[in-house]
Amino acid sequence: MALRILSLLLLIAIWQVASMIADSRLLPAPLAVVAVIVKEAQSGALFFNLGTTLARVVVSFGLAMFFGTLFGILMGRNETFDRLGDSWLVVLLNLPALVIIVLAYIWMGLTDAAAILAVALNKLPNATVTIREGARALDSGLEEMATVFAMPWRTRVRHVLLPQLAPYIAAATRSGLSIVWKIVLVVELLGRSNGVGFEIGTAFQLFDVALLLAYALPFVGIMLVIEAFIVQPFEQHVSRWRPKAA
Amino acid sequence: MSPAGAQKQLDIKIVRKAFRTASGEVREVLRDFSLSLDAGKIHALVGPSGYGKTTLLRIIIGLDHDFDGTVDLPPETRIGMVFQEPRLLPWRSVLDNLRLAAPQASEADLLRIAADLGIAEHLRHFPGELSLGLARRAALARAFAINPNLLVLDEPFVSLDTALAMRLGDELAGLVERTKVTTLLVTHDIDEAIRLADHIMLLSGRPAKIVGDFDIAFPRSEMTADYAAKTKAEIGSILAGAMA
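Residue numbers (our numbering), protein chains in the order written: chain A, 1 to 246; chain B, 1001 to 1244.
One chain only, chain A, in its complex shape (with noise of 0.2 Å):
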């Protein structure tokens, strides 16, 4: 831990160096860009901008996550539908990012839903193929337990199936939570007039770099507490089973 905080600060020591070195508003030193912070979470704008697109990744993560599983788990489980889904997550799979969202974008205007439909049809075919992969090494032995002692369909969802999955679903978790507020500020920064990916988006036609970072570097501060605080716990807490190495 020591050793982190040690090398954050030196990451910090160096841009200060740096931004003297250069001495240009292109560089601007740690504190420049604090002092903006405070100056745009005085105003109300930074909470705003900052809930404006963490709603959004909340809501594309948790639409990609559920039909990810969904789908995952009846590709994994039914032969027919493997062989259907297959092509059109190859598809999906291969689809440019930014394909999707423009053409999201000119199909449904530049509305929130297009927004939210773009990044979760992005995120969607990589939980999909990591849900699938974990549906398919499903242990059919608690299967014919639960069928034995008929175990009614929501228990055998939430203790015997959903158990199974989360490593998996931790996994997609993962890897999906830091695809989604990427591409959540790129569809911002392309057809919405809030949220950090427009304001980076101003930022970037002023070439004001330090108002590009009093709104990057909270962000990224939040998605890593969501990870220490959220997904590593659940991991954890779904992992507590496992024997532990003494």
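Quick caveat, the hints were computed from the structure, so don't treat them as lab data.
These numbers were taken from a predicted model, which means no experiment stands behind them.
Virtual Cβ for every residue (Gly too), placed ideally from N, Cα, C.
Errors might be hidden in some of the hints.
[Claimed, not checked] Partner residues aside, some chain A positions facing chain B, computed with beta carbon under 10 Å:
1) Arg136
2) Ala137
3) Leu138
4) Leu142
5) Ala146
6) Phe149
7) Met151
8) Ala166
9) Ala170
Fit chain B to the supplied structure of chain A, relying on the hints for placement.
Okay, now just chain B, sitting in the frame of chain A:
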């Protein structure tokens, strides 16, 4: 011995059960096979490995529907199944495994059953923290937790050391006598069958059929060493005759 009008818990008639092997040929496992169980007794189904015991079991417990014939269970049959592998949910505690299988059982019932099977101190543990013997006990507890009227056990003591297998077998027999649950015990171990059962059925041949079907005159605590030895010799000669 079974008196006229004895209540049947299970009646199965299998006209034909066949598998298609990887090479494409059809192999009959069971043909013109019938079996019935008397209520409240322990029936041992004994036979060498690979002669359709597991197939038959899967048909009885409703996991295999791909056969010609009928399985008659009284309505509302609750099957308490003990698989060869314990098949506990590794991510749930032992107690939760019991609760999930038997949501209608009261907490007091579950604790009593756990105590009967000697796993009371392990209810909070995860299955991965148990020895195989304890996991088997937990699987037995789960089967009893649903208050079964048909208990089906597939080699429940295999790969336990002999002393442990015998002790667990005796505890199981005690529980069955007390709860009067109709029991089908599938085993390849002739001694185990003689020691625990009221009734023994010998399975052999391809397709498999019942080659011997008899009551144990002095079951369990009434068993004498002489009678056990005599029965074992009898079973040995029947099986040898069937294999010839």
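Results of checking the hints against the structure:
no.: 1; hint: Arg136; in the structure: violated (19 Å)
no.: 2; hint: Ala137; in the structure: violated (14 Å)
no.: 3; hint: Leu138; in the structure: violated (13 Å)
no.: 4; hint: Leu142; in the structure: holds (6 Å)
no.: 5; hint: Ala146; in the structure: holds (9 Å)
no.: 6; hint: Phe149; in the structure: holds (5 Å)
no.: 7; hint: Met151; in the structure: holds (7 Å)
no.: 8; hint: Ala166; in the structure: holds (8 Å)
no.: 9; hint: Ala170; in the structure: violated (13 Å)
The earlier numbered hints that this structure contradicts are 1, 2, 3, 9.
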